[in-house]
Amino acid sequence: MCEVLVITSGKGGVGKTTTAASIGTGLAVQGKKVVMVDTDIGLRNLDVVMGLENRIVYDLVDVVEGVCRLRQALIKDKRYDGLYLLPAAQTRDKSSVNEVQMCTLIEEIKQEMDYIVIDCPAGIEQGFKNAIAAATGAIIVTVPEVSAVRDADRIIGLLSAHDLINPRLIINRLRPDMVKRGDMMTIEDTLDILGIPLLGIVPDDEAIIRSSNVGEPVVVSDSKAGQAFRNIVSRILGNEVPFLDLEDKEKGFFESFKNLFSRKKA
Amino acid sequence: MFGFSKHAPQAQSRDIARERLKTVLSQDRSKVSPRMVELLRADVIRSLSSYMELDESACVLTVQASGSSGSMLVASFPVKKVKEIGRNAF
Numbered sequence: 359m360c361e362v363l364v365i366t367s368g369k370g371g372v373g374k375t376t377t378a379a380s381i382g383t384g385l386a387v388q389g390k391k392v393v394m395v396d397t398d399i400g401l402r403n404l405d406v407v408m409g410l411e412n413r414i415v416y417d418l419v420d421v422v423e424g425v426c427r428l429r430q431a432l433i434k435d436k437r438y439d440g441l442y443l444l445p446a447a448q449t450r451d452k453s454s455v456n457e458v459q460m461c462t463l464i465e466e467i468k469q470e471m472d473y474i475v476i477d478c479p480a481g482i483e484q485g486f487k488n489a490i491a492a493a494t495g496a497i498i499v500t501v502p503e504v505s506a507v508r509d510a511d512r513i514i515g516l517l518s519a520h521d522l523i524n525p526r527l528i529i530n531r532l533r534p535d536m537v538k539r540g541d542m543m544t545i546e547d548t549l550d551i552l553g554i555p556l557l558g559i560v561p562d563d564e565a566i567i568r569s570s571n572v573g574e575p576v577v578v579s580d581s582k583a584g585q586a587f588r589n590i591v592s593r594i595l596g597n598e599v600p601f602l603d604l605e606d607k608e609k610g611f612f613e614s615f616k617n618l619f620s621r622k623k624a
Numbered sequence: 132m133f134g135f136s137k138h139a140p141q142a143q144s145r146d147i148a149r150e151r152l153k154t155v156l157s158q159d160r161s162k163v164s165p166r167m168v169e170l171l172r173a174d175v176i177r178s179l180s181s182y183m184e185l186d187e188s189a190c191v192l193t194v195q196a197s198g199s200s201g202s203m204l205v206a207s208f209p210v211k212k213v214k215e216i217g218r219n220a221f
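Chains A and B, in that order, are what the protein sequence lines are. For the first sequence, counting from 1, position 138 maps to 496 in my numbering; every step adds exactly one. For the second sequence, counting from 1, position 58 maps to 189 in my numbering; every step adds exactly one.
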């Protein structure tokens, strides 16, 4: 039974593409057959985050319009066995594909695959509708900020209207130092407000930018964010994995040491 | 020690964010739009005015979340005087 996971958020720039790339790659590394689908037609990015931008010949719109066969458009990632990418078109827009076409396409991809990971565009218009059309599960990515959480809430409502039950949450860009100072909403705050189960927490990490600079998904990097994504993949596969302790204990010690000898400014 | 000032703890920005989010989501999730609330308020004042004189500027009509997806209208209308009609109708 192939699972079709849509990675969505509502708000742009919170980490959907980064997450889709890492979850797709992480699942393949665990031996699964995975196709990642970029549905952000006109503003494609999954290809560049994966470092596969030079391998694109055909794209999703070509397949839907019958210009080529699915096999011709799928890019096999040479680094990770079992991982494929179906890129979005760059010179078209989201009205080029509709929900029915998406469902037909996904049905065809399902044939030999274990997982399909769909990178959903920001917004709630046709791109979003296309991305969720054939999904069996949803992962909502948010950051602990007012606008992102508000949009995530709207998405949760829209998903339930579409009968996509059991969406799970990834809280991205957490900054434990800010949480400690009371300047960022806690994990509990966010969960309390959105009311869906937590799939994972990813800390704000420079490794994410370094990874995308070189076209490597962060899940394979030796970093806190990488470990967080590996844990998320493990949970998707059904394992119970305790959440990372994100507090930098060493730094915490030095911070309090430093404060003993300096007046706290008002 | 001189120079130390004990100031009351200010509301942390995290707390403010959380409260604002709860309010805004309550409105977002509500099926009653702010425009509709305004129209309702005017309508209710008009209806009640047949029976009583109201302090219109102090009349408040709000929508609150009720349960997981329901809404509740809460009215708070100060009455200045009950009119003759009102007094004799019951």
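Source of the hints: derived by calculation from the structure; they are not laboratory data. There could be a bad hint or two in this list.
Unchecked claim - Restricting the straight-line Cα-Cα distance to at most 20 Å, the calculated cross-link-like pairs of lysine to any residue (SDA-like) are: (1) 153(B) with 512(A); (2) 162(B) with 546(A); (3) 162(B) with 545(A); (4) 211(B) with 163(B); (5) 436(A) with 457(A); (6) 162(B) with 555(A); (7) 538(A) with 145(B); (8) 153(B) with 520(A); (9) 153(B) with 487(A); (10) 153(B) with 554(A); (11) 162(B) with 413(A); (12) 538(A) with 162(B); (13) 538(A) with 205(B); (14) 153(B) with 413(A); (15) 487(A) with 504(A); (16) 538(A) with 180(B); (17) 153(B) with 436(A); (18) 153(B) with 163(B); (19) 212(B) with 554(A); (20) 162(B) with 551(A); (21) 162(B) with 541(A); (22) 153(B) with 541(A); (23) 538(A) with 144(B); (24) 162(B) with 462(A); (25) 153(B) with 462(A).
Fair warning: this is a prediction, and the values are worked out from it, not measured in the lab.
Hint-by-hint comparison with the structure:
1. 153(B) with 512(A): holds, 13 Å
2. 162(B) with 546(A): Since the Cα atoms of residue 162(B) and residue 546(A) sit roughly 27 Å apart, the hinted pair is violated (cutoff 20 Å).
3. 162(B) with 545(A): violated, 28 Å
4. 211(B) with 163(B): violated, 29 Å
5. 436(A) with 457(A): Distance of about 31 Å is beyond 20 Å: violated.
6. 162(B) with 555(A): violated, 25 Å
7. 538(A) with 145(B): holds, 10 Å
8. 153(B) with 520(A): Roughly 24 Å separates the two Cα atoms, so the pair is violated.
9. 153(B) with 487(A): Roughly 27 Å separates the two Cα atoms, so the pair is violated.
10. 153(B) with 554(A): Distance ~15 Å between residue 153(B) and residue 554(A) Cα, so the pair holds.
11. 162(B) with 413(A): violated, 48 Å
12. 538(A) with 162(B): The given pair, whose Cα atoms are some 37 Å apart, is violated under the 20 Å limit.
13. 538(A) with 205(B): violated, 38 Å
14. 153(B) with 413(A): With Cα atoms ~46 Å apart, residue 153(B) and residue 413(A) exceed 20 Å; violated.
15. 487(A) with 504(A): violated, 24 Å
16. 538(A) with 180(B): The hint is violated at about 54 Å.
17. 153(B) with 436(A): violated, 47 Å
18. 153(B) with 163(B): Judged against 20 Å, a Cα distance of about 16 Å means the pair holds.
19. 212(B) with 554(A): Judged against 20 Å, a Cα distance of about 50 Å means the pair is violated.
20. 162(B) with 551(A): holds, 18 Å
21. 162(B) with 541(A): violated, 32 Å
22. 153(B) with 541(A): Measuring from Cα to Cα gives roughly 17 Å; hence the hint holds.
23. 538(A) with 144(B): holds, 12 Å
24. 162(B) with 462(A): violated, 35 Å
25. 153(B) with 462(A): With a Cα-Cα distance of about 40 Å, the restraint between residue 153(B) and residue 462(A) is violated, given a limit of 20 Å.
When held up to the earlier numbered hints, the structure conflicts with 2, 3, 4, 5, 6, 8, 9, 11, 12, 13, 14, 15, 16, 17, 19, 21, 24 and 25 and fits the remainder.
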